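Sequence order for the protein chains is A and B. Quick note: the first sequence uses this note's numbering, first residue 19, plus one each step. Quick note: the second sequence uses this note's numbering, first residue 17, plus one each step.
Source of the hints: derived by calculation from the structure; they are not laboratory data. Hints may be right or wrong, so weigh each one.
Beta-carbon label-pair distances, calculated as ranges [what the hints assert, rightly or not]:
(1) B:F64 <-> A:D70: 31 to 37 angstroms
(2) B:R31 <-> A:G41: 35 to 41 angstroms
(3) B:I116 <-> A:Y46: 48 to 54 angstroms
(4) A:I84 <-> B:R142: 36 to 42 angstroms
(5) A:V61 <-> B:K118: 37 to 43 angstroms
Owing to the predicted nature of the structure, the values given are computational and were not obtained by experimental measurement. Every residue, glycine too, gets a C-beta built ideally from N, C-alpha and C.
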Amino acid sequence: MNKVNRITYLGLFVNALILVYIGCLEKYQFLFIPAMIAFLLCVVGIVLVMIDKIKVGSILFFIGSIFFVPLGMIAAMGIGKTISDLKEEKFNKEVYGTSN
Amino acid sequence: MEQVIKEIGLSWKGRNRSFVLAGIMIVGALFLGATFKKLPLMPLIFGFIFLVIGFLNTNLKVFKFYQKHFVFQPSIAHKKMILNDNLVSFEIEKRKIIIIYKELEKEKTIKLLKETLTDSSVDVLRTTLNDIIVNRVGV
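Whole structure, please, built from the sequences with the hints as guidance.
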């Protein structure tokens, strides 16, 4: 199982707060279902990245995060860092035979 | 386990660019808020985001050199690993640093503003990249 960066979790938490905020305000009720779908895409994306479906997972996560921009940028940055760390780990395994 | 041989960090300008942008956004938002008696949220949020980016970039190492490869990391979320054998050439111009390398038999380019590194770091980068090319060719 792949490790996900802490910034991603922080971003997901911020996205959840936005979702709750949208849900609580009556004038933004029409945005609640799209926001819920976007948040679910983020959650599915994170799970897919964890189980090594990196490409599909990151695309879903980015699509989900777009809805929450500008604060969604934190989560997008986090998943970007996670992916580059995973790529480095894979690269190190190929070149040196170790992941550190 | 591979160990870092050399590291090159950001210059003062490169490190604090996000903080300057954050400052402009936040001060601008407060100024607009005071003028129109209503605080605009967007510039404030962007200011907050730039602050977060600034803090994350504080200890960023743009170049890390290892025994067989080097890592180019212009931002927290973007990292590129390049094998020493795949380095083709590099050029340090007046304002830009250009590094050409091979990836899957195709030539690719990395471009970086020179001001994001200090003058001494640019010299270190020049000698290190030169050493990589010379050692590989065996001159």
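Right, here's what the structure says about each hint:
no.: 1; hint: B:F64 <-> A:D70: 31 to 37 angstroms; result: holds, 33 angstroms
no.: 2; hint: B:R31 <-> A:G41: 35 to 41 angstroms; result: holds, 39 angstroms
no.: 3; hint: B:I116 <-> A:Y46: 48 to 54 angstroms; result: holds, 50 angstroms
no.: 4; hint: A:I84 <-> B:R142: 36 to 42 angstroms; result: holds, 40 angstroms
no.: 5; hint: A:V61 <-> B:K118: 37 to 43 angstroms; result: holds, 39 angstroms
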